[in-house]
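Line order of the protein sequences matches chains A and B. Those letters in the first sequence? Residues 1 to 884, per UniProt numbering, in order. Those letters in the second sequence? Residues 1 to 242, per UniProt numbering, in order.
Please note that the accuracy of each hint is not assured.
Said to hold, decoys possible - SDA-like mimics (lysine to any residue), calculated; alpha carbons at most 20 Å apart, straight line:
1. K75/B x L38/B
2. K76/A x A49/B
3. K41/B x R227/A
4. K753/A x F795/A
5. K73/B x F795/A
Stated by the list, open to error - Here are the in silico distance ranges between beta carbons for each label pair:
6. V406/A x T90/B: 21 to 31 Å
7. S98/B x P332/A: 40 to 50 Å
8. Q44/B x G232/A: 18 to 28 Å
What the hints contain is simulated information worked out from the structure, not anything from laboratory work. Computed from a predicted model, the values in this text were never measured in an experiment. Idealized CB from N, CA, C, for every residue including glycine.
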Amino acid sequence: MQKYYYLLIFFCFSSYTIFSQQIKGIIKDETNTPIHLANVQLLTLNTNKIISFTQTNEKGEFILKLEKYSFPYIVKITHINYEKQEFPIDNLIEIKVVLKPRITELKEVILEFESPDIIEKKDTLIYNLKNLLVGSELKLKDVIDKLPGLTIDNNKKIRFNGNKLDNILINGDEFFRENHQLATENITVDMIEKIELLKNYQDLSSIEGFENSSQTALNIKLKKSFRETFRGNFDAEGGIKERFKLQSNLFNFGSKTKFSLIANTNNLNENVFSPIDYLELRKVTGKNLLKDKLILGREVTVEKDIPPFLFAQDNIQQINSKNFTLNFTRKPTKNKRIEFVSILNETDLNEKNSNFLTFLDGNSSSILDNYTSIGNSLFSSNVFKFENKLNEKSYFQTNAYFFLSVDNQNQDLNNLIVSNQEETIFKNKTQLNSAKGGFNAQYKTKYSEKLLFEAVFFNDYNFSKSLKDYQSNQNFIGFDFNENQVIQNTNFETLSFGIKTKATLKLQKNILDFKFISTLDNETLSNKNNVGSVYNFSDNFLLTSNSLSTIFTSDTGKKLRYTMSLELMNNNHEHNRNFKETINVVLPSIHLSYRLSDKTSYSLGYNSKLNNPTIYNFISGNLIENQRTLWLSSNLISEKMLADSFNTGFFYTDVAKSLFSNLFLSYSENRKQLVTNSNNSNSISIQEYQYIDFGNTLSFIANFSKKFKKIPLGLNFSSNNSISKNKTLSNNTINNNSFNQNNIDFSLKSYFKNKANFDFGLTYLSNFNKLETLSEENKNQLQTISPFLKLDGTFFNKKMNWKINTTYHVFESSTFASENILDIGARINYTASNKINIYLNANNVLNIRENNFKNDFIQNDFMIQEIVMNTLSGFVNLGFTYSF
Amino acid sequence: MKKYFIFLVFLSFTTIGQTIEVNYYENLKVQDQEQFKLMPKNVQIAYEANIFSFKLTTDGKSSLYQNAKFNLKIKDETYESTTINEVGDTIKSVTKSSGIDLKSKEKIYYKDFKNNKSYNEQFYDEKISIVDSLAIFKWEILDESEMILGYNCKKAVTKIHGRDTYAWFTDEIPISDGPFMYSGLPGLILKTSSKNNEIVAHAISIKNEPFDSSPPVFTGKIYNYKTLKEYIEKKNKERNRF
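In isolation and in its complexed conformation, chain A is listed as follows (with noise of 0.2 Å):
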């Protein structure tokens, strides 16, 4: 009975058990003390789930509660001070746990939470400016030098990975177009709210399914306080040796709207736009857009008649320029924009230099010239263009441009021929007038999801002339003329007219297209002096050329992607002198990349080129250049001049790292090319062009940007090195040239925050050529290496911004012992208030005196001209800014 009683018990008990729906312990260390505030916890055991938890209580003791309950559990303990166990368990049992002291401590660490210098976002780059500036940046183009992956290059273009970028935008807008200069230099730190770098931008002429090859742009967001209103700011600066600047900047740039003018007169050499800026403005013809964009490639154009102003670094005696640049852009819809850039550009340069000519013959007599020369340049250009969206299928766009460009130059040379110290003066007259202008239409439709047909349409007109006024004290012998004074008017015109047609075809994901071109290009030059009637010709040559294309693209989302062309050319040249060839070429052309990774890809390529003679090869008469060169007229009528060119590159982009770098490889080669025959005396060189078969081009790129995380550093690194090899004709003997040029630049830069910061590197440039004759083998070479050291930062709370910047020029020349150039400037800039900042700007002080000289080198396939110019002193000026 007794027995029967406990057992009722024991089931009343133990039925308790089960539906209680809790887990006790307790928790103790080893000396049997109970532990407060240690963790239980409750998990499932194959996903590790969290079900219950809690803390013991100063008894050590805790409850864990269940709703509901399905063992197996893992119940987990830990505490901060002792070593955590977990154990499984299968039933509502009470737990009883002994904890060891902990061994392993949690590891002594500091972490802390470091928000990316660059967040990537599809397509899109952001820059984090609050990590990378770090204060001391006064203009845009002080931010940029911070960014990694943007650089500004020596011709004031901003690039990104080396590549020059297509596109500023302010506020999502395109604005400034290719002059970056206007952007870098006028656009305040105080102004930008946001940077960000888009690879793959869309302008308004992408039209659905059937985009654009990717452009890459810069998008500077501005702060809400420069929106929609007009800001601008006035700057005045002056100091000794009567150096001066004067500039106004007005703008507003409203989400329709957006306006920027800069009125602009210095003597500093400060140039609102660059020599690149100008050859590129002439480069704008309707031709231009009968070009689908290279994927890759490097092109080089020779113009003629330039104005010296242009190649004025700082190796001019002293000059004095005004500028006024306007930009304008409206956008009325958000499918309808008009845009007005026009500049009007006036300079007055004078020259003083000694130029020593070495003639690569080895016959020729070496020539010393002192030279001095006073020029005055005006030069507008205009340039509208206008678009429209029409609706999500067609798009139109229409450009219109005019340039004017007036040139006037006065020379005085002394000339003397080293061998028989006989010496010349000469007073020289040049005066260039150019015109040009143009205008030009595209039209896009997608006639189905599949299909989209584009037509283009373009008009351009070039007219130049030329007036050549050349005074001697002695008799032009060299032209076989006994007077002496010779003056010539060269008259050059062309009209083109073009249009292009072209079928794209989607295929699943690949595309097809089929392109006709069709253009006509009229060229007349006359000629007229008072030497001879050899001299006075007039020439036509009418160059039609009509083309047929198929190129195939394949799926761009893949790994492997590849666009192969097949062009089919008929050119007509037809020329006054009696010559009518017809030239067919079958060009192909291919390129592949492999995309490896998301950071790594590859690409290869190759291409075929033919390039078209222009009216000056065939001249039927002879042409003066200047005073002691002419060229022969030629005997030669068209030929087929193929080129062929490889590549091959790699890029590596971590952008988590900022970690930017590329390398590229690329070979070209003349199959036929023109070169320039020279005679060459001591009284005159004579030239005609001649056919070659042989020319190649070895060119290496490479450039490597990565800013560090830990400490706060950022490497840049950049090479272009490029190795021509050449036939030249001096004196009717073949020569064997070979010429290499380096530019290499390498730069450390700290990122102290709030701190003074420091720019060190090396600038290298150097020109390497080698000739080899029958009998000889000539070397000359000329080499620049430039240690640079540049420190910036900012007092008083930034009120102060100061910059310091010394470069040290090393020149090593083959024939001239030059002396190296240290070269100290500085900028120290007080806010005095938010309208006012007054500064300091030092240039070059070591060498502020009247002579200040520094050497060049200009060399091309028959002579070597080593120069000694007259350089621009240096100043000190004080100024001050107003903002409103």
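For chain A, the structure is supplied; the task is to place chain B on it using the hints.
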């Protein structure tokens, strides 16, 4: 006996204390964009992220949560606005805003886990001190997790005054503590988020030293949660009178 004593001493030396220091940012969230745009700039500045920094020092037995020095200067601001009333009159008004009072952001929150007490000094219209027992939260642990400062954190949710408040905790640091008043999860809370604010850890340091602390001593009137509730209700009535 001697052997036992030496062993005990040895044992006490091996249990070295560790102190965890966590720096948090307290960020306000904009509730109403339209209302935000109308605020003067020296008030809008309070909604910028990562400018108010606080530090939690804890060893599991007690902890101190306190504001760091605020590197912010609030300037007076005068702005004009023009409005047209119902009758059609144009009214031009000039407002002077002295901006947010940085003192309102200062706070001290001391938790004594051993004795189950909390000591809190905060700003309500003036600085007031509150001493009471530790707040108890009913947390529900969710399935989500997130990496914060290199620690794997699980997400949990609780209701405070009817509103959801989320917290992310890591059991790699087994201290049941967190920023401000938050605690009660099986690991250190590195992030909290509710409708109008969030608290985010941006730096952690773990040091091998004990945490020398004692509760703050408050002068003046000391409230508890009950008397605090009465105080707030009284202040609200005063404000509504205008």
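Compare the structure with the hints numbered earlier in the document and write down the numbers of the violated ones, lowest to highest. 2 and 6
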